[in-house]
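Chemist: Protein chains in written order, with the numbering used here: chain X, 1 to 114; chain R, 1001 to 1250.
No lab work stands behind these hints, which were simulated from the structure alone.
Note that this is a predicted model, so its numbers are computed, not measured.
Virtual Cβ for every residue (Gly too), placed ideally from N, Cα, C.
You may find that some hints are simply not true.
As the list claims (entries may be wrong) - Far from chain R by the CB rule (all over 10 Å, computed), these chain X residues: (1) A50; (2) A79; (3) F85; (4) L90; (5) V112.
What the hints assert, rightly or not - Covered stretches of chain X, going by a simulated chain R footprint (3 or more residues, C-beta under 8 Å): (6) 6 to 18; (7) 27 to 35; (8) 53 to 60; (9) 63 to 74.
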Amino acid sequence: MSAFSGEWGAYLALILAGFLPNEIWRWLGVIFARGLDEGSEVLVWVRAVATAILAGVIAKLTIFAPGVLATVPTPARLAAVGIGFLAFALIRRSVFAGVLAGEAALVVGALVFG
Amino acid sequence: MPVPPATPAANDPPPLSAVGGFIAGFSATWTSVFSYVLFGTYTGIGALAHDFGFSLPWAVLSTILVWAGPAQVILISALGAGGSIVEVALAVGLSGVRLLPMVVSLLPMLKRPETRAWQLVMPAHFTAVSMWVEALRLLPHEPRGHRIAFCNGLGTGYGICALAATVLGFYLAARLPPLMSATLLFLTPLAFFMSALRNSRMLVDRLALAIGLVLGPLVAYWHVGLDLMWSGIVGGTFAYAVHRVREVLR
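Use the sequences and the hints to build the structure in full.
Modeler: Now the structure itself:
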């Protein structure tokens, strides 16, 4: 943050490096969504692309983990996601059950292999 | 006018007040699993901001303005580690690509012929994984007349929850054991995954999800620029192609 040190520099950095590069995609979305209606076939493709990108975010956050999450070994993180998936599939497709089981598996993995 | 005026009136119940739609959206957040997930995720983000030396007002403002978990994690950790503005902006910009197709697929569900572009700016700003997933699930049951207000209510409800968590996480930071912080950070990928699974009912969505999971990290590993965008376009297009072929064969 050398060029942007100090309290005001941090806010300027928030606008330039956080808000604008992120928000631009939402504004572009407003522009591109013009003239498309709900039933249009293009939207099936757009949704598939959005879903694939989201899947990429999920996998990257798991494999290239941020912050202290990186201290839990990668196999333990992957196994925790797998166990979460199993719980989701077995317990009435419940998001809550999947999240809970995955988190429990992560804690166990961190304690045993960490 | 190509559409006879009687058709939309027959499809839509009498126009509901914007306030009613907003309240319906706002109330929906209380029963949504995402409120808990957002609370956990943003507790982690608040704690991260504290650990990297940012102030509480800065952390709160980043939640209001950026409103995207992964982007904020990147912003805080990269900026805090001394990354240059351009470098950080690029990383945040790449993580935000996913918002474009989300906004493009959401807005046509909100629009009516008389809707103005500025009315869609707030729903677009509120669009993030949590809001997108829930909006796609809940909107078909809402009358079109108040869907914009519904989305604004949904976004505001989640936003308040995230803001409270940002403040809490900031104050808890010094007291959180590392394993606790790790579980909070792990909430984001887990909850994104489970809710994407739940929303994938059609083959095309399931395929896109499965391919994206494999392709995303592979492309990132090869250090191809714009990795999320490429894996999204390739994975999504392939899934869509399979879907088309099946339709034709049927």
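Chemist: Please go over all the hints and tell whether each is borne out by the structure.
Modeler: Here's how the hints hold up against the structure:
no. : hint     : in the structure
1   : A50      : 4 Å, violated
2   : A79      : 12 Å, holds
3   : F85      : 7 Å, violated
4   : L90      : 13 Å, holds
5   : V112     : 12 Å, holds
6   : 6 to 18  : holds (count 9)
7   : 27 to 35 : holds (count 7)
8   : 53 to 60 : holds (count 8)
9   : 63 to 74 : holds (count 9)
Hints 1 and 3 from the earlier list are contradicted by this structure; the remaining hints agree with it.
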